[in-house]
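Line order of the protein sequences matches chains G and P.
Going by our numbering, 179 is the number at position 179 of the first sequence; the sequence numbering is gapless.
Going by our numbering, 697 is the number at position 394 of the second sequence; the sequence numbering is gapless.
By construction, these hints were calculated from the structure, which means they are not laboratory data.
Computed from a predicted structure; not experimentally measured.
Hints should not be assumed to be uniformly reliable.
[Stated by the list, open to error] Subject to a maximum C-alpha distance of 27 Å in a straight line, what follows is the list of computed DSSO-like cross-link-like pairs (lysine-lysine):
id, chain 1, residue 1, chain 2, residue 2
1, G, K88, P, K727
2, G, K189, G, K168
3, G, K168, G, K62
4, G, K27, G, K189
5, P, K348, G, K62
6, G, K84, P, K727
7, P, K348, G, K84
8, G, K116, P, K727
9, P, K314, G, K109
10, G, K289, P, K515
11, G, K116, P, K601
12, G, K242, P, K572
13, G, K226, G, K242
14, P, K597, P, K727
15, G, K226, P, K515
16, P, K597, G, K116
17, P, K727, G, K109
18, G, K109, G, K88
19, P, K597, G, K109
20, P, K324, P, K314
21, G, K109, P, K515
22, P, K515, G, K286
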Amino acid sequence: MKLKKSSVPELVLVTGFLGSGKTTFLKVLMSQYHDALKGVIINDFGKVAIDGSLLDKEGIFKEEISGGSIFCTCRENEFVEALKCMIKEGPDIIFVETSGMSDPSGIEKLLPIAGKVEFVCGYCVVDASRFLALSDIFSVVEKQVASSDVVIINKVDRVSEGELERIKQEISTIGNMPQYEARYGVTRKPVPFFKRKKEVAESENSPNNRPKSLLIEWEGEVTIEKLRDFVEEILGSALRVKGFCRTESGLVLVNGVGSSVEITLADNAKATGLSIISERNKPVLKTIKDAWERLFNTEIKIT
Amino acid sequence: MEFFAKEETGKDLLLESLENKTLPRAPWVPFAGVHAGKLKGYTAKEVLNDVDKLVQSLLEVNRLYRPDGQPVVFDLQLEAEALGCDLVWSDVNPPSVSGHPLKKSREIPGLLPDESSGRIPLVLDAMREMKREVGHHTALFGLVCGPLTLASHLRGADFFMDIIEEPQYAQDLLSYTSEVCGRMAGMYIEAGMDIVAFVDPMVSQISPRHFKRYLSGPFSGLFNFVRQNGAKSSFFVCGDATKNIEVMCQTGPDSLFVDENIDLESAKKITDSYGVVIGGNIPLTTTMLYGNQKDNMKYVIELLERLGTRNYIVAPGCDMPYNVPVENGIAIQQAIRDVERVKAILKDYEAEEEGVEIDLPDYEHLEKPLIEVFTLDSDTCAACTYMMSVAKLALEEFKDRVDVVEYKFTVRENIQRIKKMGVKNLPSIYINGRLKYSSIIPDRREFFSEIKKILSS
Chain G
1 MKLKKSSVPE LVLVTGFLGS GKTTFLKVLM SQYHDALKGV IINDFGKVAI DGSLLDKEGI
61 FKEEISGGSI FCTCRENEFV EALKCMIKEG PDIIFVETSG MSDPSGIEKL LPIAGKVEFV
121 CGYCVVDASR FLALSDIFSV VEKQVASSDV VIINKVDRVS EGELERIKQE ISTIGNMPQY
181 EARYGVTRKP VPFFKRKKEV AESENSPNNR PKSLLIEWEG EVTIEKLRDF VEEILGSALR
241 VKGFCRTESG LVLVNGVGSS VEITLADNAK ATGLSIISER NKPVLKTIKD AWERLFNTEI
301 KIT
Chain P
304 MEFFAKEETG KDLLLESLEN KTLPRAPWVP FAGVHAGKLK GYTAKEVLND VDKLVQSLLE
364 VNRLYRPDGQ PVVFDLQLEA EALGCDLVWS DVNPPSVSGH PLKKSREIPG LLPDESSGRI
424 PLVLDAMREM KREVGHHTAL FGLVCGPLTL ASHLRGADFF MDIIEEPQYA QDLLSYTSEV
484 CGRMAGMYIE AGMDIVAFVD PMVSQISPRH FKRYLSGPFS GLFNFVRQNG AKSSFFVCGD
544 ATKNIEVMCQ TGPDSLFVDE NIDLESAKKI TDSYGVVIGG NIPLTTTMLY GNQKDNMKYV
604 IELLERLGTR NYIVAPGCDM PYNVPVENGI AIQQAIRDVE RVKAILKDYE AEEEGVEIDL
664 PDYEHLEKPL IEVFTLDSDT CAACTYMMSV AKLALEEFKD RVDVVEYKFT VRENIQRIKK
724 MGVKNLPSIY INGRLKYSSI IPDRREFFSE IKKILSS
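With the rest of the complex left out, here is chain G (with noise of 0.2 Å):
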């Protein structure tokens, strides 16, 4: 793949949460630049990164940034000095890799303090084998895929077709941006060279960034208790839940918001279920989809 060449350093992006498969994907797209003055920075320590003599021989600069296990924004500077750096070497473009803990969505305001470079591209590569176990207890996992422009499913080999069917629902659930399947960090199809598309982020329209407001919907009665381990649960996703349910003890109105859920006796609704609305960017799908199947394993309805 041939760069344009340009004054200003293109930036990659390329993030994932640990044992994902990013240093992987990250050697097979740097191959495919093999025009390109390359750098990159590594923000991981101790992990068995990219062969700092194979980086020598091909003339690639890298700068490590240590300490990456702990990604808080104490760190940043960090960042932005070996970015400063990378700069001063005057390559064409410059890779990054994130710690598999870092959520990258504040990297672009620290770019500008750094010099000159143009974001053109954020992967985000998930384990296809772990991934929805991961997302669900690390918020880190859906920040990620979040803030990304492309997601690389790796791993699909070991996975059926339907988990990976569920894996992509999962994802479109958090953004629109294109899914690529791979095994051992290469696409099956070849991953275009993509330039970040602003407008698709900022865009009121992008799923991504439209406020959800969902109701779901279900048959018969439920128990009060596990009613509220289903609100508790999905407010951690939510900002709000509310709505009228039938359970075994009546009629009752649920309201839920932060972490506190009210549950009290109702005379009369004109009609049942819950309304969930949630915050920007914070998909809520799949937690609601999860926990009702774990509490209930009825079938419910999502519009």
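Use these hints to put chain P onto chain G, whose structure you have.
Chain P alone, transformed into the frame defined by chain G:
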């Protein structure tokens, strides 16, 4: 009636804040960890390994930044090192963990750290010394690495997989690290710390449901322990922990400190409802490290306007980077102490020049050396006072052979002069129109010899 009321110290103010009182001004806690070393010319490694250098540096923080509260050490690797982790040192950053003792086996260590483990004796000595030196007017923070981050130090990144694959082991390791935290808190309270803060950056990376499952119990226990031992407590988190603010409050800390990833106004609504004081969140990199004095004052004034002086403590988002310019810390403390005046001045500074013509002296043809001291205000800013007193000493020494003049930033007429002179940092000393000292207070002898050189030329 009390005629001779005791003057309220910064420490009083901070402790009153933790009692949810409305205060005349918001308290200020600069998290100067390795940055403290910069003030005395020591590296990060030096201040974290040499008690004298550490204490000298902390006292300099106290002198220049006039904190109401300050941490003694900000090193989240301290406990990990005492428990067998390998560290890699840097001159301008806290150390990083490079080797994890539990990497190869899922074990629970049997030993807890004590007063002789690793660098803990050094930290305890520094705490006692700081308590003696400034403990009567400054609240002191003992910082403990939180159980989740400590578990990941001991076991490495595999710990996050353990949460999925071996949840019982993860829980057991967290119980152990929580015990370590309790032990550390006990030692710190005994060494005189007023506030024990558990610093757990990793907390922002897990979901509220899993926080409740794994961490609510341990943290509630730790905050109870601190309370029962007569100290105040704090919970520090880094990163976007927006969703976890409420569950963190439910564990019962007295205060919660967050970084710029959190919208303080929204978070404060939650913390207020739990009677928890919130602190933060001056951006470390964009504002403190790479911004100028004006940026920092402006940011702080805006924070204060939005958050008020009840249940709020002004602080950096996290541990200050080593190279934060000293003058930025000085500017922040000034803005906190003198909100209205600094606000008016900033407004004037930004306004177009309104026909105010400033005539600068003809520096090339002065009759005698002219020492100009540009300050925020030598009456209220400690660093400015020290800078001004050196200039006054010069006046005493050289009498009418030199001229000394102070231009305070808080006096409106001086703003145009400061602009015209291109003064970037306050306080600064200019001799004959040339910048000689910026922020760093000159040594008296060095300063005098500069003047002598000009007199003899």
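Verification of the hints:
1. G:K88 / P:K727: holds, 26 Å
2. G:K189 / G:K168: Holds - the C-alpha atoms of K168 of chain G and K189 of chain G are around 16 Å apart, at most 27 Å.
3. G:K168 / G:K62: violated, 34 Å
4. G:K27 / G:K189: holds, 17 Å
5. P:K348 / G:K62: Satisfied, since the Cα-Cα distance of roughly 25 Å is no more than 27 Å.
6. G:K84 / P:K727: Holds - the C-alpha atoms of K727 of chain P and K84 of chain G are around 23 Å apart, at most 27 Å.
7. P:K348 / G:K84: holds, 24 Å
8. G:K116 / P:K727: Between K116 of chain G and K727 of chain P the Cα gap is close to 24 Å, so the pair holds against 27 Å.
9. P:K314 / G:K109: violated, 36 Å
10. G:K289 / P:K515: holds, 20 Å
11. G:K116 / P:K601: holds, 26 Å
12. G:K242 / P:K572: holds, 20 Å
13. G:K226 / G:K242: Given that 27 Å is the threshold and the Cα spacing comes to 16 Å, the pair holds.
14. P:K597 / P:K727: At roughly 9 Å apart (the allowed maximum being 27 Å), K727 of chain P and K597 of chain P satisfy the hint.
15. G:K226 / P:K515: With Cα atoms ~17 Å apart, K226 of chain G and K515 of chain P stay inside 27 Å; holds.
16. P:K597 / G:K116: holds, 24 Å
17. P:K727 / G:K109: Holds. K727 of chain P to K109 of chain G sits at ~24 Å (cutoff 27 Å).
18. G:K109 / G:K88: Answer holds: K109 of chain G to K88 of chain G is near 20 Å, not above 27 Å.
19. P:K597 / G:K109: holds, 19 Å
20. P:K324 / P:K314: holds, 14 Å
21. G:K109 / P:K515: violated, 32 Å
22. P:K515 / G:K286: Roughly 19 Å between the alpha carbons, so the hint for K515 of chain P and K286 of chain G holds.
The structure does not agree with the numbered hints 3, 9, 21 stated previously, though it agrees with the rest.
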